[in-house]
Amino acid sequence: EPEVTQTPSHQVTQMGQEVILRCVPISNHLYFYWYRQILGQKVEFLVSFYNNEISEKSEIFDDQFSVERPDGSNFTLKIRSTKLEDSAMYFCASSEARSKGRYGNQPQHFGDGTRLSIL
Amino acid sequence: DAKTTQPPSMDCAEGRAANLPCNHSTISGNEYVYWYRQIHSQGPQYIIHGLKNNETNEMASLIITEDRKSSTLILPHATLRDTAVYYCIGADSGSARQLTFGSGTQLTVLP
Chain A
1 EPEVTQTPSH QVTQMGQEVI LRCVPISNHL YFYWYRQILG QKVEFLVSFY
51 NNEISEKSEI FDDQFSVERP DGSNFTLKIR STKLEDSAMY FCASSEARSK
101 GRYGNQPQHF GDGTRLSIL
Chain B
1001 DAKTTQPPSM DCAEGRAANL PCNHSTISGN EYVYWYRQIH SQGPQYIIHG
1051 LKNNETNEMA SLIITEDRKS STLILPHATL RDTAVYYCIG ADSGSARQLT
1101 FGSGTQLTVL P
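If you're matching them up, the sequences are chains A and B in order.
Residues in the first sequence are numbered from 1 upward in steps of one, following our numbering.
Residues in the second sequence are numbered from 1001 upward in steps of one, following our numbering.
The following block holds chain A by itself, in its conformation from the complex (with noise of 0.2 Å):
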C-alpha cells in the first residue's frame, strides 16, 4: 500500500539554525499538510497545501515556516530560525483533491514523523 515518507527520522538543531524536514506525498495526491506534536501534546495543524500554494495555515505557522514542493514529489517545511519551542514530532500528510461522492473529502494519510530536536 503506498505510503507518505519522511526524512530524517530524527533531526538535531542547534537554537537560531534552519531546518527542512522532506516529505515524499503519495504519488497520486495532491493536498499536503504539516502538523506538529510537541511531546505529551495533542496533533496540532500547521499548513495545507494546493495547486502550489497555501490552502489554510494555523497561528502557529508564523513567517519563520514555509512550505514548497520543489519538484514533483518532494514536500518541504523549513523553519528559518530555530527556537527551543519548535522541538516536535513533525508530521507530514496528504490526501487525493477530489471527494468522491457521499464519502466526501478524502482522508489524510500520515507519514511517521520527523523528531525535531532544537538545542
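Among the hints, a few may not be true.
To be verified - When the alpha-carbon atoms are kept at most 20 Å apart in a straight line, the in silico SDA-like pairs for lysine to any residue are as follows:
id, chain 1, residue 1, chain 2, residue 2
1, A, Lys83, A, Ile54
2, A, Lys42, B, Asn1023
3, A, Lys42, B, Lys1003
No lab work stands behind these hints: they were computed from the structure.
Following the hints, position chain B against chain A.
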C-alpha cells in the same frame, strides 16, 4: 469543526470487540466523522469515516446514530497491535480541511 468528546481511556480483552464511543452533539450537516489512531511514536493512521450511514472496511466498523450526535468505532476482534490512542474528528467535506485532533481515547488491549 465539531467539538468531539471521548473517554480518556478504555481496556479491551484480546480477541473481543472494542467499542469506542464519541460524542459530537454540535456536528453540522456537512461534517463527516473521521477516526484515526496513533500507535506510540508513529503518525496518525486513518481508520474510517462516514456522514450518516454506518460504514465498514477491513479495519473497523463505524456506527453513527440517527441524530448524528454520537458514533461508535468498533474493532471486531481486537489484537495487542490495536493498542493506540484513537481520535474521533468532525470535519466538513471542503477541500484541504485541517484536522483538529483532541486528546482521544487510549485503548489498551489486554492479553
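Going down the list of hints, with the structure as the test:
Under the criterion of a C-alpha separation no larger than 20 Å, the hint pairing A:Lys83 with A:Ile54 is inconsistent with the structure, at around 23 Å. Our distance criterion of 20 Å between C-alpha atoms is met by A:Lys42 and B:Asn1023, whose separation comes to about 18 Å. Taken as a hint, the A:Lys42 and B:Lys1003 pair is honoured in the structure, with Cα atoms around 14 Å apart against an allowance of 20 Å.
Taken one by one, the earlier hints fail for this structure only at number 1.
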